[in-house]
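Peer 1: Residues per chain are reported as follows:
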Amino acid sequence: MFSYILRRLLLVIPVAFGVSVICFLLVQIAPGDPLTSIMPAEATAEEQAAMRAAYGLDKPLPVQYAIWAAKLVHGDMGNSIASGRPVASEVFGAVKNSLLLAVAAAIIAFPIGTILGFTAGYFRDTWVDRLVTGVAIAGVSVPNYWLGIVLVIIFSVTLGWLPAIGAGPGGSQHWAWDFEHIRYLILPAITLSVVPIGIIARTIRALAGDILSMEFVQALYAKGMSRGDVLCHVARNAAATALSVMGLQIAQLLGGSILIETVFNWPGSGFLLSNAIFQQDLPLLQGTILVLAMFFVISNLVVDVAQAAIDPRIKRG
Amino acid sequence: MAQTAGGGGTLRIGMTAADIPLTTGQTDQGGEGMRFMGYTVYDALINWDLTSADKPSGLIPGLATEWTTDDTDKTKWTFKLREGVKFHDGSEFNADAVVWNLDKLLDSECAQYDPRQSAQGKSRIPAVASYKVIDPMTVEITTKEPDATLPYQLAWIVYSSPANWEAQGKDWEKVAYQPSGTGPWKLASFAPRERAELVPNPDYWDNTRMAQLDKLILIPLPEPNARSAALMSGQVDWIEAPSPDTIPAMQANGFTVSSNAYPHNWTWHLSRLENSPWNDIRVRKAANLAIDRAGLKQLLGGLMIEAKGFLPPSSQWFGNPTFEVKYDPEAAKALLKEAGFDDTNRVKLKALISPSGSGQMLPLPMNEYMQQNLADVGIDVEFVVVEWNQMINLWRAGAADPGCQGAQSINFSYFTQDPFTGLIRHLSSALIAPNGTNWGHYSDPEMDALFSEIRTTFDSAAQDDVLRKTHEKFVNEALFLMVAHDVAPRAMKPTVTGFVQAQNWFQNFSSITMKSA
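Line by line, the protein sequences are chains C and E. Heads up, the first sequence is in my numbering, so the first residue is 1 and it goes up one at a time. Heads up, the second sequence is in my numbering, so the first residue is 318 and it goes up one at a time.
Heads up, some of the hints might be wrong.
[What the hints assert, rightly or not] Subject to a maximum C-alpha distance of 20 Å in a straight line, what follows is the list of computed SDA-like cross-link-like pairs (lysine to any residue):
#1 K810/E with M831/E
#2 K391/E with M831/E
#3 K810/E with V157/C
#4 K59/C with Q28/C
#5 K487/E with P86/C
#6 K487/E with R236/C
#7 K491/E with V157/C
#8 K223/C with R236/C
#9 K461/E with E46/C
#10 K96/C with A508/E
#11 K491/E with K59/C
#12 K461/E with T44/C
#13 K532/E with G170/C
#14 K393/E with A412/E
#15 K393/E with E409/E
#16 K391/E with G348/E
#17 K491/E with E46/C
#18 K491/E with K96/C
#19 K372/E with A779/E
#20 K643/E with I598/E
Since the hints were derived computationally from the structure, they do not count as laboratory data.
Start from the sequences, fold in the hints, and give me the full structure.
Peer 2: Here it is, written out as structure tokens:
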């Protein structure tokens, strides 16, 4: 187990390097000029050139990358062009808010998705299965930003029950775990949970269905085991794959919520990313993408290790 | 009448900006940054008079009580500073502070030079060559050449406290969280990208502009639907720029929608490079006569003013142009025929447009509407659609730049509040792109002479006359495709009282109070 973890950890290094190169280069391909959004339209070519030099944007790309990577190694992600603030504090502050939202969405999505999936798998090819599958497909298909807008219109604008925007009455910096703050989480978390509910339900349905039709399940029934005990065996067999799907969903929740965070003005990494794109803020864009990409890498690592712990066959493979 | 500060409740505003404007002095985020963080926390030497909704705003004394030019050398300006003004940190505003602030923007060698503020301020004062302290309450500013537009330029520049910068360890990042200006509001706290809280400055020097609210909260809400939802669900009291399709619902629910003419236009800037069809005045006039502006206004739910010229009809510089900008497709066809175009030989041109952008109103439907209007008279337009930031780059690069793909028009909205930004920069031959923002490479000695006259006419009434003459030439020669003027809509709860929407990009928040619901 230890050598497996070590091997997986060492693999992170080339992946991280590749991710950093791709992050750096990808944002360079985008059309436009990062200084456009921060300089008045009247700025002369001379003034723009001075600013370009001040931000090191006049240097050749490999030099820019070397400077960026060298700083990165020391934990310095540079400063945002648009706000002047350190990218690291901007990104980690936003990631913290996104994690909060992702956890809330996961708390909703995982049990609901799992229960729906098992129910559909257990009642495979019945009307229950068709109903649950229909709900799951709808969850994956409905554009979640549209759903967010609908929820806001119903629960915020019309009924006035829940806040439409923001991350707490005093903003995310004054977050507390009380109902006054959790109210702000409810609508974006529900919106964000809809896609993973659908994906988890469909995955677990397929898994549960397959496992329930296996011979060992019939054998367990034949041995006189109760339905509940058999289902526990099925759950154990499905756990590794389910864990993998859920792990990936957590990473998706963190990075894939740009539109939802925009609809709800939630100050997370997706919102930050969309602002960075809009403002062509290269250091912020690079930093945000890098942190999110590394989050994917790390969550994959954690999922792999957890799978190996649950299923010994994986370590051997 | 003298007023005291505070007591008027809390006003929460949903801005269109994605972040809190730079708080250190010279703000970013364009006109909105100056509106909410510039002229609230800070003052300029010369301020805008924002008290009237009925007429275009003019300049009034701010931190300077008077300014004069030297009779023998019109490049020398003397500014008498206001006595007794203190920064929020209690330090005194004086001539040293003015020079220190100008150095902050213009002298990259000085200790307090701030590249971020400089990026925002330097290009606003292109005329300034040097400056010095004459006595503790007098400053002399010298311009590169005689330039009577200097007061308009200086109205962009706001003054932050040198003593506070020292107290914050000479670190602008720390100043950002503890800024100190002379304005009617003090920044109490700010969370990046989330909110800023402003409270009244009870020691403000202008008793007539004492802030009446207890608190002004600024919330960045860049997404229009989120802004509307925030207002309608009661999370904010005021939003900037509601999208037109949400306005009927807001009005039906009792919200107030405030709008007014203001110095802003929405035009097609025309290329005057060789082979551009716009070089023929008959084509330019025909295009201007082809646009059904009333229909366009209907498309925008009434939220535009139909252009009668380059400046809004209410502008003090509108003048009396002889060419009437109106919808007359038959006259347009006749002009095109006279210019040698007909159904078998239609005018063909390309226009650069963007799907969105600051001040661009609703560019896609508006341009498509115009495309149809122009096609109806014999002008076929092909759009080159580019992302907004890229469009700004192409605008700066000029019509001859290969990036413009041979487009002979660029759809841009322009700030028209001062003579340089509003008129001169677009058509001065000295500013042909990429040296400036004369995108179309227009060059006309008569126009250059008018611009020179604007800059050398130091009497403001006489300068207004020259500006009117200049605008008449803009219209009579149909130098732009003049389409619409935005009306700066903002929606608010009916409990917001005392707001007077000035015909200006900037607004006065001091008169506002919140009525109990």
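Peer 1: Any hints this thing doesn't respect? Which numbers, in order?
Peer 2: 2, 6, 7, 11, 15, 16, 17, 18
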